[in-house]
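This note's numbering numbers the first residue of the sequence shown as 1 and each following residue consecutively.
Don't read these hints as lab results, they were simulated from the structure.
Do not rely on the hints blindly, as some may be mistaken.
[As the list claims (entries may be wrong)] Keeping only pairs whose Cα atoms sit at most 20 angstroms apart, straight-line, the calculated PhoX-like set for lysine-lysine is: (1) 40 <-> 54; (2) 8 <-> 36; (3) 20 <-> 9; (4) 32 <-> 54; (5) 32 <-> 12; (6) 33 <-> 6; (7) 50 <-> 12; (8) 40 <-> 24; (9) 6 <-> 24; (10) 54 <-> 24; (11) 54 <-> 19; (12) 54 <-> 6; (13) 20 <-> 32; (14) 50 <-> 19; (15) 7 <-> 37; (16) 36 <-> 9; (17) 54 <-> 8; (18) 20 <-> 50; (19) 12 <-> 33; (20) 37 <-> 20; (21) 54 <-> 33; (22) 6 <-> 25; (23) 36 <-> 25; (24) 7 <-> 54; (25) 19 <-> 8; (26) 16 <-> 32; (27) 50 <-> 6; (28) 40 <-> 25; (29) 33 <-> 50; (30) 16 <-> 50; (31) 19 <-> 32; (32) 32 <-> 9.
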Amino acid sequence: MAELLKKKKVAKIATKAVKKVADKKDVKKIAKKVTKKVLKLELKKTKKVKTAVKKAVKKIA
1 MAELLKKKKV AKIATKAVKK VADKKDVKKI AKKVTKKVLK LELKKTKKVK
51 TAVKKAVKKI A
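All chains should be modelled from the sequences, with the hints used to inform the complete structure.
And the structure:
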């Protein structure tokens, strides 16, 4: 249950972050990638979701 909540939170922040850097039509696709990447890798390194998302967006965008 906690996993799902975390994923939703990450997805929300990811979408916001991606909107700033990506074209409108690509936002959903990239946000999904970012969310996956954040949940897999970045959260182990950083506890803060926002910084993790920023790093992932930089890598992908």
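Checking one constraint from the list: CA of residue 20 to CA of residue 32, max 20 angstroms. Satisfied? holds (15 angstroms)
Pair hint outcome, residue 54 versus residue 19 [Cα-Cα no greater than 20 angstroms]: holds (12 angstroms)
With a cut-off of 20 angstroms on the C-alpha distance, tell me whether residue 16 and residue 50 pass. Roughly 10 angstroms separates the two Cα atoms, so the pair holds.
Between residue 54 and residue 24, does the CA-CA distance stay at or below 20 angstroms? The given pair, whose Cα atoms are some 18 angstroms apart, holds under the 20 angstroms limit.
With a cut-off of 20 angstroms on the C-alpha distance, tell me whether residue 6 and residue 24 pass. violated (25 angstroms)
Check whether the Cα positions of residue 32 and residue 12 lie no farther apart than 20 angstroms. Holds: residue 32 and residue 12 sit about 10 angstroms apart, inside 20 angstroms.
Would you check the hint for residue 50 and residue 19, treating anything up to 20 angstroms between C-alpha atoms as holding? holds (14 angstroms)
Does the structure keep residue 37 and residue 20 at a Cα separation of 20 angstroms or less? holds (18 angstroms)
Decide if the proposed pair is consistent with the structure: residue 50 and residue 6, CA atoms, cutoff 20 angstroms inclusive. Measuring from Cα to Cα gives roughly 12 angstroms; hence the hint holds.
Quickly compare the C-alpha distance for residue 20 and residue 50 to 20 angstroms and report which way the hint goes. OK: residue 20 and residue 50 at ~14 angstroms, within 20 angstroms.
Does residue 33 lie within 20 angstroms of residue 54 when you go C-alpha to C-alpha? Holds - the C-alpha atoms of residue 33 and residue 54 are around 13 angstroms apart, at most 20 angstroms.
For residue 50 and residue 12, compute the direct alpha-carbon distance and say whether it is at most 20 angstroms. holds (10 angstroms)
This entry does not satisfy hints 8, 9, 22, 28, going by the numbered hints stated previously.
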